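Please build the complete structure, drawing on both the sequences and the hints.
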Amino acid sequence: ETGVTQSPTHLIKTRGQQVTLRCSSQSGHNTVSWYQQALGQGPQFIFQYYREEENGRGNFPPRFSGLQFPNYSSELNVNALELDDSALYLCASSRQGAGQYFGPGTRLTVT
Amino acid sequence: QQQVKQSPQSLIVQKGGISIINCAYENTAFDYFPWYQQFPGKGPALLIAIRPDVSEKKEGRFTISFNKSAKQFSLHIMDSQPGDSATYFCAASIEYAGGTSYGKLTFGQGTILTVHP
Chain A
2 ETGVTQSPTH
12 LIKTRGQQVT
22 LRCSSQSGHN
32 TVSWYQQALG
42 QGPQFIFQYY
52 REEENGRGNF
62 PPRFSGLQFP
72 NYSSELNVNA
82 LELDDSALYL
92 CASSRQGAGQ
102 YFGPGTRLTV
112 T
Chain B
712 QQQVKQSPQS
722 LIVQKGGISI
732 INCAYENTAF
742 DYFPWYQQFP
752 GKGPALLIAI
762 RPDVSEKKEG
772 RFTISFNKSA
782 KQFSLHIMDS
792 QPGDSATYFC
802 AASIEYAGGT
812 SYGKLTFGQG
822 TILTVHP
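Chains A and B are the protein sequences, given in the same order. Going by our numbering, the first residue of the first sequence is number 2, and it counts up by one from there. Going by our numbering, the first residue of the second sequence is number 712, and it counts up by one from there.
In short, the hints are calculated from the structure, not lab data. Keep in mind that the hints are not guaranteed to be accurate.
Cβ-Cβ distance ranges computed for the label pairs, FRET-style [stated by the list, open to error]:
hint: 1; chain 1: B; residue 1: R772; chain 2: A; residue 2: A39; range: 27 to 35 Å
hint: 2; chain 1: A; residue 1: T112; chain 2: B; residue 2: T825; range: 26 to 34 Å
hint: 3; chain 1: A; residue 1: R58; chain 2: B; residue 2: N733; range: 26 to 34 Å
hint: 4; chain 1: A; residue 1: P62; chain 2: B; residue 2: Q725; range: 42 to 50 Å
hint: 5; chain 1: B; residue 1: K769; chain 2: A; residue 2: N80; range: 25 to 33 Å
Over 10 Å on every C-beta distance to chain B, these chain A residues come out as not near it, computed from the model [stated by the list, open to error]:
hint: 6; residue: S8
hint: 7; residue: I13
hint: 8; residue: R16
hint: 9; residue: P44
hint: 10; residue: L68
hint: 11; residue: F70
Predicted model only: the values in this text are computed from it and were never measured. From the three backbone atoms N, C-alpha and C, an ideal C-beta is built for every residue, glycine too.
Here is the structure:
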């Protein structure tokens with residue numbers, strides 16, 4: 002088990018709604034990355050936060066946004082939810098020069 | 712554009728056998744190659760990782776072999792056990808970009824490993 006926690010575990014939203022997912026990073030880690038994992042696929046990089054600033058972004062639209070707080074915890078916000086946003090959302094924390102450690106994920110279902 | 716290709720999609724091995732999963736990458740700037748193990752309903756767990764300055768790394772029953780010239784790397788699981796049954800992902804990243812840790816992981820499509828008792 003890593004020290005990365007995510008909340009909530011599961012979430013059901015309606016198309017067009019907005020959602021906020023939360024992540025607490027492992028102690029000593031200053032970098033948080035978010036990934037989207039569709040069923041049967043590998044995780045896809047959404048973006049990364051380092052020292053409270055976005056530090057790289059994958060091929061996701063602007064309605065995916067995030068924040069990192071001074072304690073290195075992070076939020077992922079998704080606006081105008083679409084059916085294709087249904088997936089497992091994973092948070093990974095790391096520090097420079099070391100591996101990324103994933104949390105258990107949040108399962109988002111959009112109906 | 713898929714930058715990391717993983718094979719096979721699924722693998723069935725008998726208990727005690729060797730499981731071998733292969734990955735190929737395209738971006739020669741990648742400098743960190745981890746393998747992750749994922750059980751149903753769980754997040755990926757970091758198993759073992761290698762950097763391109765070595766050709767092999769072993770941790771317990773898990774070994775990564777790395778071929779820089781061929782842009783390929785593989786995971787070998789020795790003495791495979793039923794508890795190893797899971798989905799395995801290879802990944803690659805550029806660890807440093809302009810002095811700031813970047814570390815965007817690009818994942819393969821995954822291999823579903825089943826180890827029969």
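*Against chain B, does L68 of chain A keep a CB gap of more than 10 Å to every residue?*
holds (18 Å)
*Far enough from chain B: is every CB of that chain over 10 Å from the CB of P44 of chain A?*
violated (5 Å)
*Range hint 25 to 33 Å (beta carbons of K769 of chain B and N80 of chain A) holds or violated*: Violated, at about 46 Å.
*CB of T112 of chain A to CB of T825 of chain B, is that within 26 to 34 Å?*
Holds, since T112 of chain A and T825 of chain B (Cβ atoms, about 32 Å apart) stay within the stated range.
_P62 of chain A versus Q725 of chain B beta-carbon gap, inside 42 to 50 Å or not_ = holds (46 Å)
_Cβ separation of R772 of chain B and A39 of chain A, checked against the hinted range 27 to 35 Å_ = Holds: the Cβ-Cβ distance is about 30 Å, inside 27 to 35 Å.
_Using Cβ atoms and 10 Å as the threshold, tell me whether I13 of chain A really stays out of contact range of chain B._
holds (16 Å)
*asked:* Against the range 26 to 34 Å, how does the distance between the Cβ atoms of R58 of chain A and N733 of chain B compare: consistent or not?
replied: holds (30 Å)
*Taking C-beta pairs only, is R16 of chain A more than 10 Å away from all of chain B?*
It holds; R16 of chain A is separated from chain B by about 25 Å at its closest Cβ, greater than 10 Å.
_S8 of chain A and chain B, when compared Cβ to Cβ, separated by more than 10 Å_ = Since the minimum Cβ distance to chain B is about 13 Å, S8 of chain A lies beyond 10 Å and the statement holds.
*Checking the smallest CB distance to chain B, is F70 of chain A really beyond 10 Å?*
holds (19 Å)
The structure shown violates the earlier hints numbered 5 and 9.
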